[in-house]
Amino acid sequence: MGGFNIGLEYLHLDPVLTPWRDYHLRLTGEITQDCQTEFERDWREESIEPEKNGNGQYQLVSSETVDQEDFICSLLKKASASIFIGSPYFIPTQKVESCLFEAIEKGVRLTILVPGTPDHPLVQPASYRYLRRLIEKGADVYQFQNGFYHAKAILIDDRLCDIGTMNFDRRSLLINEELNVITEDANVIRSLTESFKKDLANSIKLQVGDLKVQPIKETAAWCVGHLL
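Each step along the sequence shown adds one to the number in UniProt numbering, with nothing skipped, and position 20 is 20.
No wet-lab data here; the hints were simulated from the structure.
Computed from a predicted structure; not experimentally measured.
Don't take every hint at face value.
[Claimed, not checked] Within a straight-line C-alpha distance of at most 30 Å, the following computed DSS-like cross-link-like pairs (lysine-lysine) qualify:
| id | residue 1 | residue 2 |
| --- | --- | --- |
| 1 | 137 | 197 |
| 2 | 198 | 152 |
| 3 | 77 | 152 |
| 4 | 212 | 197 |
| 5 | 198 | 137 |
| 6 | 212 | 152 |
| 7 | 137 | 212 |
| 8 | 106 | 198 |
| 9 | 137 | 205 |
| 10 | 152 | 78 |
| 11 | 77 | 106 |
| 12 | 197 | 95 |
| 13 | 212 | 106 |
| 14 | 205 | 77 |
| 15 | 152 | 137 |
| 16 | 106 | 95 |
| 17 | 78 | 137 |
| 18 | 95 | 78 |
| 19 | 197 | 106 |
| 20 | 197 | 152 |
[Stated by the list, open to error] Now the in silico label distances, taken between C-beta atoms and shown as ranges:
| id | residue 1 | residue 2 | range |
| --- | --- | --- | --- |
| 21 | 145 | 28 | 49 to 57 Å |
| 22 | 46 | 7 | 17 to 25 Å |
| 23 | 70 | 207 | 31 to 39 Å |
| 24 | 23 | 181 | 41 to 49 Å |
Ideal Cβ positions, reconstructed from N, Cα and C, are used throughout, including at glycine.
With the hints as constraints, model all of the structure from the sequences given.
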């Protein structure tokens, strides 16, 4: 609390007013609640009218309260027609991989989109054995070609989507703290579907033969990929 504001002069970068002298007080404890209340009051008075509540239903899913592996499996099991997965990394756990196999076996069309250009030399080959097995089962796998693909989303039956911080890999499923949103909001689903279509148009479809590297390199990548 004091006279300090945001500006070049306060950082001693103003050629005329430097050096700038000021006094500021750092507050801790209960009084900070009063400061927050005052800020919120000013914010409401100066801000535009908030948008009206929509009809969309949203669920926040945190890894601190929900087992991500179990949750993703429950999400995949909801599919009756299609599953679209977009992720920069694809190293699923055995449990999640089994759920994907089960979905394909019951006639669900599975589409997976991953980067064509990796941001780590070992992450991409670490995913090859999983992607090969899924292609052999009937999945469609694409590599994005127009830059680096970093989207993290799952679309179920064009009616339910999961989007947030979670990658489709073991670290996100078992270790990392992640935060995602689940929604059936028609506007969000429509927008996400259009984004997927646009990204697929900038991708190439992979065959099993496209996902082969030297066995030693793949094994090393697979081992390291589980740790990244």
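Status of the hints after comparison with the structure:
At roughly 23 Å between alpha-carbon atoms, residue 137 and residue 197 fall within 30 Å of each other, so this suggested pair holds. Under the criterion of a C-alpha separation no larger than 30 Å, the hint pairing residue 198 with residue 152 is consistent with the structure, at around 15 Å. The suggested pairing of residue 77 with residue 152 holds, with an alpha-carbon distance near 19 Å, which does not exceed 30 Å. For the proposed pair residue 212 and residue 197, the alpha carbon gap of about 27 Å is at most 30 Å, so the pair holds.
Distance restraint check for residue 198 and residue 137: the Cα-Cα separation of roughly 25 Å lies within the 30 Å cut-off, and the hinted pair is therefore satisfied. At most 30 Å may separate the alpha-carbon atoms for a hinted pair to count; residue 212 and residue 152 meet this at roughly 25 Å. Straight-line distance between C-alpha atoms of residue 137 and residue 212 comes to about 17 Å, which keeps the hinted pair within the 30 Å bound. For the suggested pair residue 106 and residue 198, the alpha carbons sit about 28 Å apart, so the restraint of at most 30 Å is met.
Annotation: proposed proximity of residue 137 to residue 205 holds, straight-line Cα distance about 15 Å (limit 30 Å). Distance check on the hinted pair: residue 152 and residue 78 sit about 19 Å apart at the alpha-carbon level, within 30 Å; holds. Between the alpha carbons of residue 77 and residue 106 the distance comes to roughly 10 Å, so the proposed pair stays at or under 30 Å and holds. Restraint check for residue 197 and residue 95: the C-alpha separation of about 28 Å stays at or below 30 Å, so the hint holds.
Distance restraint check for residue 212 and residue 106: the Cα-Cα separation of roughly 28 Å lies within the 30 Å cut-off, and the hinted pair is therefore satisfied. In summary, the hint linking residue 205 to residue 77 is supported, as the alpha carbons are separated by about 25 Å, within the 30 Å threshold. Pair hint residue 152 plus residue 137 holds up; C-alpha atoms about 23 Å apart against a cutoff of 30 Å. Annotation: proposed proximity of residue 106 to residue 95 holds, straight-line Cα distance about 17 Å (limit 30 Å).
For the proposed pair residue 78 and residue 137, the alpha carbon gap of about 19 Å is at most 30 Å, so the pair holds. Note on residue 95 and residue 78: the hinted pairing holds, with a Cα-Cα distance of about 16 Å set against a maximum of 30 Å. Note on residue 197 and residue 106: the hinted pairing holds, with a Cα-Cα distance of about 24 Å set against a maximum of 30 Å. Our distance criterion of 30 Å between C-alpha atoms is met by residue 197 and residue 152, whose separation comes to about 15 Å.
The hint said 49 to 57 Å for the Cβ distance between residue 145 and residue 28, and at roughly 52 Å that hint holds. Our hint of 17 to 25 Å for residue 46 and residue 7 holds, since their Cβ atoms are close to 19 Å apart. About 33 Å separates the C-beta atoms of residue 70 and residue 207, a value consistent with the hinted range of 31 to 39 Å. For residue 23 paired with residue 181, a C-beta distance near 43 Å keeps the hint of 41 to 49 Å intact.
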